[in-house]
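J.: Sequence:
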Amino acid sequence: MPSTALWLDPFRSLKPAEQVLLGQAGVSTSMVCTYEELEASVAQLGDQRGLLVLGLGSDIDLLIEALQLLQSAKDRVSVICRVERRHLELAVAAMRHGACHVLAADDWSAQAWRKALDCAKTQAPGAAQPVAVAGSVQSAGLSMHKPGSVGASLAPQSGVRSVVFVDPVSIKLLALAQRVAQAQVAVLIEGPTGSGKEVLARVLHESSPCADGPFVGLNCAALPEHMIEDMLFGHEKGAFTGAVKDHRGLFEQAQGGTIFLDEVGELPMALQAKLLRVLQERSLVKLGGERAIALNLRVVAATNKNLRLAIEQREFREDLYFRLSTFKLRVPPVSERTGDILPIVARLLARYQRDDQAWSVSPAAQLRLLSYPWPGNVREIENVVQRAMVLCGDCHIDTEHLMFDDGADGAEFLSSLSHQPVLTDLPVYQLPSSPNLPNLLSPMVGAEDSLSAGNKLQTAVKNSEQSVIREALETSKNKIEAAQKLGISPRTLRYKMAQLRDMNPEQLANA
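By this note's numbering, the letter at position 329 of the sequence shown is numbered 361, and the numbering carries on one by one without gaps.
Source of the hints: derived by calculation from the structure; they are not laboratory data.
Fair warning: there could be bad hints in the mix.
Stated by the list, open to error - For lysine to any residue, the following SDA-like pairs were computed, each having C-alpha atoms within a straight-line distance of at most 20 Å:
| no. | residue 1 | residue 2 |
| --- | --- | --- |
| 1 | K306 | F272 |
| 2 | K511 | M529 |
| 3 | K528 | R355 |
Only a predicted model underlies this, so the values are computations on that prediction, with no experimental measurement involved.
Model the full assembly from the supplied sequences, consistent with the hints where possible.
T.: Structure below.
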């Protein structure tokens, strides 16, 4: 953590409340008014870590000059920039030039400063790391950051370049997972459904010494008890009627690698006892066999249940819980790491777009995505993005194309935008360039254009339903695939097709 913050802002003075907040974090503040004072203050830091809080006007020149002045101290001084909300493109430029965090000029809240200091703490000054994935625009205002040395340097080493770790909460989780991965200990991953527990399990595997070994996973809630036992431990030929050959269980298949037990809280009690013995002995005997097979693998389990409560209710064995949870990692819901939302959207657009497409998202749609609570987490984001890509006809996603799983659409949100004047000044936000990410937001229309669509939302959706269904049917192999593209069930699709009176009967028959 930097010990001293140098304040150079010709547009706004340091608030007393901010000075108190920084002091509580162990950071003293010093006002500087000229480059000469800045240079002298940096020299006085010696070998200590420092922080420069720099206020930008309408261009990037002040930051460029300050960075040139700090060239000799770039390994010791991190830079936080303050930018007016209407200059969002300036915030992106500041991150590209080396700022570790960008704050809204009128935001001096404790939450904003905590996030800024977290970024300054995790980023190595002068690391010159490229922005691998996008920063974020919080629904309450402007707050952008890029991953520091932790997130940016570890992901390529672990082979998980497609994983999004942007929010400071996610960066800390990645750093912790990287450290845990080096030890051959059992890991229990806790988190809500759809939050990315399996993704983190793969990070653990690919960051560990056994990364070259197999990664074998099983959803413990997906199969009946007798099938799970055979899947996990295997059987010998002739062990039971129909066992015509030997079967290697998942534990045996995962030798030299990682076995991932998803939804481990759903295991029946009888099977929990057998699993406990295997973990204790580090060996197993296949059904119908006599020879013990020594195990050399890592066990990673995941659950969305409160296992401590399940233990109290006698639904889960306490001894198995302690055997699985040598180290626990918690994957927070998306609502607690909003900095990941837009980068996840960009990643999904890059995954599903065709080569000749360039997708963009309007400013109003961005704020809608950031303000939605996402109870379904990453899986729900994927559903919403796929629906928007189906409903959008011009590759520019607006609020009218965002259909959420709780039945909410953009109408209520659009009607409230008249009370949020910040949107009228909000320029189009464009992601930092990356070979794996598209420009999520390209300058096509402004926020005012998207606002004019509010009153037409329900009518537009109703009138376009027929063409959307037709397009989905024409570009899909069957009705099941078309229903997946539309984000509805096959039964609902059949119902809607039957209601489209003027749809070609031949097309219905061939779908």
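J.: Take the hints in turn and mark each one as holding or not.
T.: Hint by hint, here is what the structure shows:
| no. | hint | in the structure |
| --- | --- | --- |
| 1 | K306 / F272 | 19 Å, holds |
| 2 | K511 / M529 | 10 Å, holds |
| 3 | K528 / R355 | 51 Å, violated |
Hint 3 alone, counting from the list given before, is not met by this structure.
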